[in-house]
Amino acid sequence: MNAIVPINMPKWGLSMEEGTIVEWLKPQGAIIQEGQELLEIETAKIVNVAEAPGSGVLRRIIAEAGAVVPVGSLIGLLADADTSEKELDAFADKFAELSAVETAEVAPILELSMIEADGRVLQIGRAGPDEGTPVVLVHGWAADLKSWQFNLEALARLLPVYAIDLPGHGGSSKDVGEGSLANLANALGATLDTLGLQRVHLIGHSLGGAVAARLAADRPEIAETLTLIAPAHMPGGQISDEFLDGVISAGRARSLKPFLQMLVADPASVTREMVEDVLKYKRIDGVDKALSVTRHRLLGDADRVALQADLAALAQRPGGVLIIASKNDRIVGRPDESALPPGFQVRWIEAAGHLPHLERAGEVNAILIERVCR
Amino acid sequence: MPKKTYLQAINDAMRSEMRRDERVIVIGEDVAGGQGSSGEVGGVGSVFGQMQGLYKEFGPERVIDTPISESAIMGAAAGAALTGLRPVAELMFVDFVGVCFDQIYNQAAKFRYMFGGHANTPMVIRAAAGAGFRAAAQHSQTLHPLFTMVPGLKVVMPSNPYDAKGLLIEAIRDDDPVIFLESKSLYGMEGDVPDEAYRIPFGEANVAREGEDITLVAFGAMVPRTLAVAVALAKEGIDAEVIDPRTTSPLDEETILESIRRTGRLVVIDESPPRCSMAADIAALVAEKAFGSLKAPILKVTCPHTPVPFSPVLEDAYVPTPGRIEEAIRTVLAYP
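Protein chains in written order, with the numbering used here: chain A, 892 to 1265; chain B, 51 to 386.
These are calculated hints, taken from the structure and not from any lab test.
Just so you know, not all the hints are guaranteed correct.
Once the Cα atoms are required to be at most 35 angstroms apart in a straight line, the calculated DSBU-like pairs of lysine-lysine come out as [stated by the list, open to error]:
(1) B/K339 / B/K160
(2) B/K285 / A/K936
(3) A/K1037 / B/K160
All chains, full assembly: derive it from the sequences and hints.
Below, the structure written as structure tokens:
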């Protein structure tokens, strides 16, 4: 007989303390496979789907739709069909003895620190074990390391994980120089050097994908694998200036929201808190300049042409290059598979926009884990 | 993000601006403190500790203790601003503005106009305001209507630590005289405040809570309690929109009017006696510009038309209470 598997309120991100259950996607009594989408949860920052932590029958739904529950609390139980109610009761009671704080601490949290690299002070986050080839996550334009919040737990269970705030973003220096891919890639490379990481799994999103590709092209030995999520500057793609200009110009939550909604397939998933976070970021000294300079560079030809010229060499890498993309990406468009050199593989994600690692985290995590654990 | 108090946020803003721009100076009573007494010179840092540590870092040339003469403080600050410095002048309690009001409303506020644009007065006047401290009638007022009605002054009322830092940085960088009213009862309030410098523009309201049933406009210390009432009423299905204008002058009229066009109902919560209050000002604005959207009369929740009582029981009843705010909301929703 298999063990009873507890379903807990997950901890997404650094500041989440409680979540609201929006809807159970499977009824009590349903047979569940590990990794299946199980319930929809809303936090202050986002609405997302939690996956089943194990396989079994959904024997108990403990917290119903509408319940507001602290992180770590028991919200359901998976078990065999023949596990007795008494055993389930005993398990639930015992679980209640553990404080929510204890169970919340089990979830990996990014440890933040400031480092000096490439003449700038940069913020990085770290999670996971000490052994193994590290995973390095590079966020996109106007985002920061918190955008990996739904991917950390899955990756940090297996390998050391580092997430960086690029110059101009998050808690890092707002000096982006001329805002070029080379400038940002140098900062990334210098960060890895400072941390003593000689060979890593590079995973980059959007502008961060282009930065990761730039670094891997300039310093091939640094990347064990290269994975690009909705990357900028791919052949066939087109960067939306409506988005870039809109995010830079919008000074109020009301005017900013529609531009952030361009990022995702489901506009309802953009919460007030997300919009406020971006507004607060934009107010920080030096950010408007950093965003303007990088926007200008993103719309220009120099970086795009140079990167596309290096795609053939990147394709030759052992393991090639994996692109995770969506056909409905309103920010960078859709990469043209036929224009990519052999050695590039594209995995298409359905029902996602420009943020598949957030919108379809379970699916993307599975792909990433398969790639870095090979 | 680090958690800081409203007071620490103000101190943060001062320190970062004084590091960034050597023309920024601090002037007031006991802003350094300790001179002529035992203990460390500069150890006071203002009566609530707002200027803590600044004397130590920037010295007596930039952190200036004055005699007990508000007109000297404000006159010196106005003159310094006219001649190239960016003074942050402190009024220990806003109630003391009476003795120096000429320097503020008749001098500083009017220099730019009267000198045909050839002069700027980039000064900030910081003051502790508000009741709740058993400090009695002469140390518990807010007086923001007095400043708001003066053309040439900008008036800022932060309601939380994040806003306090961003608005004070903006005030120091603004080239006009800015009245920065710190709610005494909020000094201990904690919130997420970035270590980096950032600015919040004036004339931009914060919609603290979105809603469709009724619009609640509140200022300064009234914002947290109005928000708490709104959150409690949400459990009954009452969906209140809470607007914090952040600055009474310039005032973000558009955010308020847009909200009324949706909700049709307004309650204004203002820590001020009712006559010529911000509550009266906003009620008139809405009645004039959004009359067609109104579904009910506008209610004002204010202090009574009396001085602030010394009796603790009376003082607690004097300032708009959650109970009075709730009652006004229910009355408006129940109309006709």
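How the hints compare with the structure:
Between B/K339 and B/K160 the alpha-carbon distance is near 29 angstroms, which keeps this suggested pair within the 35 angstroms criterion. Of the supplied pair hints, the one linking B/K285 and A/K936 holds, its CA atoms being roughly 21 angstroms apart against a limit of 35 angstroms. For the hint pairing A/K1037 with B/K160, the CA-to-CA distance comes to about 48 angstroms; that exceeds 35 angstroms, so the pair is violated.
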